[in-house]
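Using the sequences provided together with the hints, build the complete structure.
Number of protein chains: 2
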Amino acid sequence: MKLKVKILKFLAGRPVCMIHEKTAQEMSLHIDNRISVKKANKRIISIVNTISNIIKPKEIAVSNMVIHHLKLKKGDVVEVEITERPKSIDLIKKKLKGEELNKKEISEIVNDIAHNALREAEIAFFIAALNSKGMSLNETKNLIQAMVKSGKQLKLRGKVVDKHCIGGIAGNRTTPIIVSICAAAGLIMPKTSSRAITSAAGTADVIETIAKVNFSIKEIKKIIQKTNACFVWGGALGLAPVDDKIIKVERIVKIDSTAQLLASILSKKISVDSNYVLIDIPYGKSAKVNKKQAEKLKIKFLSLGKKFSLKLEVVLTDGREPIGNAIGPFLEINDIIKILKNESDAPEDLKEKSIMLAGKLLEMAGKAKKSKGEILAKQILDSGKAFKKFEQIIKAQKGKIRKFKPGKYTHTIYAKSNKKITSYDNKLINELAKFAGCPQDKASGIYLHKKANQKIKKADKIMTIYATSKEKLEHAVKFYNRNKKHMVEYA
Amino acid sequence: MKLKVKILKFLAGRPVCMIHEKTAQEMSLHIDNRISVKKANKRIISIVNTISNIIKPKEIAVSNMVIHHLKLKKGDVVEVEITERPKSIDLIKKKLKGEELNKKEISEIVNDIAHNALREAEIAFFIAALNSKGMSLNETKNLIQAMVKSGKQLKLRGKVVDKHCIGGIAGNRTTPIIVSICAAAGLIMPKTSSRAITSAAGTADVIETIAKVNFSIKEIKKIIQKTNACFVWGGALGLAPVDDKIIKVERIVKIDSTAQLLASILSKKISVDSNYVLIDIPYGKSAKVNKKQAEKLKIKFLSLGKKFSLKLEVVLTDGREPIGNAIGPFLEINDIIKILKNESDAPEDLKEKSIMLAGKLLEMAGKAKKSKGEILAKQILDSGKAFKKFEQIIKAQKGKIRKFKPGKYTHTIYAKSNKKITSYDNKLINELAKFAGCPQDKASGIYLHKKANQKIKKADKIMTIYATSKEKLEHAVKFYNRNKKHMVEYA
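These protein sequences, in sequence, are chains X and W.
Using our numbering, read the first sequence as starting at 123 and increasing by one per residue.
Using our numbering, read the second sequence as starting at 123 and increasing by one per residue.
Be a bit skeptical, because a hint or two may be false.
Any copy, or any two copies together, can satisfy a pair, since identical chains are not distinguished.
Unchecked claim - Okay, derived cross-link-like pairs now, PhoX-like style, lysine-lysine, Cα gap no bigger than 20 Å in a straight line:
(1) K193 / K420
(2) K530 / K418
(3) K178 / K128
(4) K131 / K180
(5) K255 / K216
(6) K428 / K418
Derived by calculation from the structure, the hints in this document are not laboratory data.
Computed from a predicted model, the values in this text were never measured in an experiment.
If you want it as structure tokens, here you go:
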């Protein structure tokens, strides 16, 4: 049926159409049915609501997402049809029963997610199926391929390298340092990062303190042409967008599955055309995985790397505590600049880990001989070339290097006796930083004055909490006091 | 924040509120956040959308469900607050990991579903968790209790009996016959039934051909006072409404779990105050369960019956083919009347099964001695007392006994040789009836002229398909031809 567009400017977070009750009856449509809305050769699937006093029969009001996708304006006429129940729902049911899906079936599910043919609840069932029944390596491969196909791709020339950490460790902001070193060595590194959602800060949040991170694919290509690299926010680029839709639903319950984790990471890497990929899997009591799980995951990454003809390596790293001293956007960018500028009070562990990972990438891409990568990485860092490259990229991203004062409301925890820290709990430290205001308040966060295995004397500073308001600081201190026993473990 | 209600008359299938973009910013609300909307002492949780050209700042437009729940009218002022992420989401995650939930945790999830604090995707994760991890008997008991508490309850005097079939068998319309017999014997039988959603017809659809089925709890009590029984639609009564909300999401993928099946059935029975409950579990190749599964389910029903001090019995019945000859509202009501009127061409198997089940209930409630129930049930039926009772109930439900002509577009399938049917596939017969127009077209359906083990001669009628339009008949015939091999099995 042809319906006339009425612009109501409404945002629903998903494609929603409002039609008059009579039109719904005429089309045998019920609330919550799926319809396809077409204009010229563009089509979007949407949910139906009815509204009867501001919309006339034969009119349709659509949410922003539909307007945007179909480029609609007032008075446009769209073709509306009821859509059949997507076949992919039965395929999700098949997976819920534990059966294996073939390539065509997986691509059908991914396509339906891409075209909004599946609703959140249906995607939830898919995630739950992956979580409880898992996926074979072949299924995972097909999932990755379908995800890559569903989105845009970056085509780049040269040796394109990338690194990815599976996450879960507070601080651990190695990316800006590794990218600066590798790009200075002549490698291409199109780094896309996420913003914090469940953590205290994402790389995009940290870089955003000194530069823009939101660019189009065309703009990113220009930045890379100029500087070999970029640090941008990956969220709005349209690279493997199905992955973003799945993650959105997954975040509701914060569960993930190995298959989805693998697919999420590798689909993004393949979408940005990487040939050399280094995966960092931190393991430990408060990390995402323990050592055994890390080893299993490594094998899966390596097998998938082969299937996609990627030169892929995996390093298992120590995840028993945060990496670096700083947690929170301002505090972290300050420490990154310290490392790149070779300042004496730069956090040693973050520096070492960054050099180690950059060294691996230099070896993988043939810039250094085997076991000589770290030496080269250290040279590039020590010589100031990495800092120069960092400055150049930040400038290309319309930014400027600067350090920041953290929040003025502070609370410092002191040692009550001589002792030694054995570990910090990553999850609790993360939560503490969030209570202090992370990631919204860029000036909030935590500074760890002491790390594991350092000697501590009575009255030494252990950590400082920074906040931008008295209330938030009080909230954070209360959280610390409730959880301190598990947050910091002493020998 | 206090907002003024603007009435937009919109139906969204769930509680949705529209507020102006500026108001959303002021409240730090994002699209899809949950808010609590309060008026006087009533509260409902709703999802936020923004709309900017027909709603002013400080105004709110709400979907019908919110208007209804809070009894809102134009210009009313409501108190709107952002709600925290429900704690029950973490409990659902716990269940997804396979952990056992305690009474308080289960009741928290059920309460949040009852108050719309959980969205469809979150309920989907809960269903998937029950499906993949199961529930212990204790958890199931707690689930049932929480579901009963979440809704209204019917309080009745006397010996209240009920029966329930787990479903999956085409035809099988024993309810109207059993209720008429038991009520004629003096038992109280407040039968609530469902409408067809995935099947060809539900008991409510069949009774609706000759009487009203949609009543309030108060009206139902009056009908029962007058006649001892009722056949009503259970969907809008508010008995264990959480069950309905779970089923709505469950239907998306058509999966269920044993725990949820048990909870769904028993929460309804307890809500209508039944003391004597008979459960019918048909088993067979195309039934919901096979014999082994049926036996397991029986044990669970019996254990839960004890936990709730119900006199509960379970019968396993033959589910290898449809029960009765008719599938479809008009065809089924005609056959029910034939049985109640003792007409000679009434379907023997449906009659026998109804007598057997009614007999069990008469024994359970002490109206007949052990093994004498069937004799009494048959007497009541043969004497015409059951028919009289049926007439009385139908009259109390504002209806009148009558038979119907089925759809005028027909297609009959004839035997091509002398043979014997061994079984019909329930699922395919159901699908065939739906292709013919069930349950919307009350006159559509299937009539099985021959059942399993009857001798068939060449050119005998096997089945007739009835439809109300040529197109639907053609659709159904095509479906039959594609599936006939599996739909009817011959010896």
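Consistency of the hints with the structure:
1. K193 / K420: So K193 and K420 fail the 20 Å test inside a copy (44 Å) and across (58 Å) alike.
2. K530 / K418: neither (45 Å within a copy, 65 Å between copies)
3. K178 / K128: both (9 Å within a copy, 18 Å between copies)
4. K131 / K180: both (18 Å within a copy, 17 Å between copies)
5. K255 / K216: This pair counts as both: shortest intra-copy Cα distance 11 Å, inter-copy 17 Å.
6. K428 / K418: within (16 Å within a copy, 46 Å between copies)
Comparing the model with each earlier hint shows violations of hints 1 and 2; every other hint is respected.
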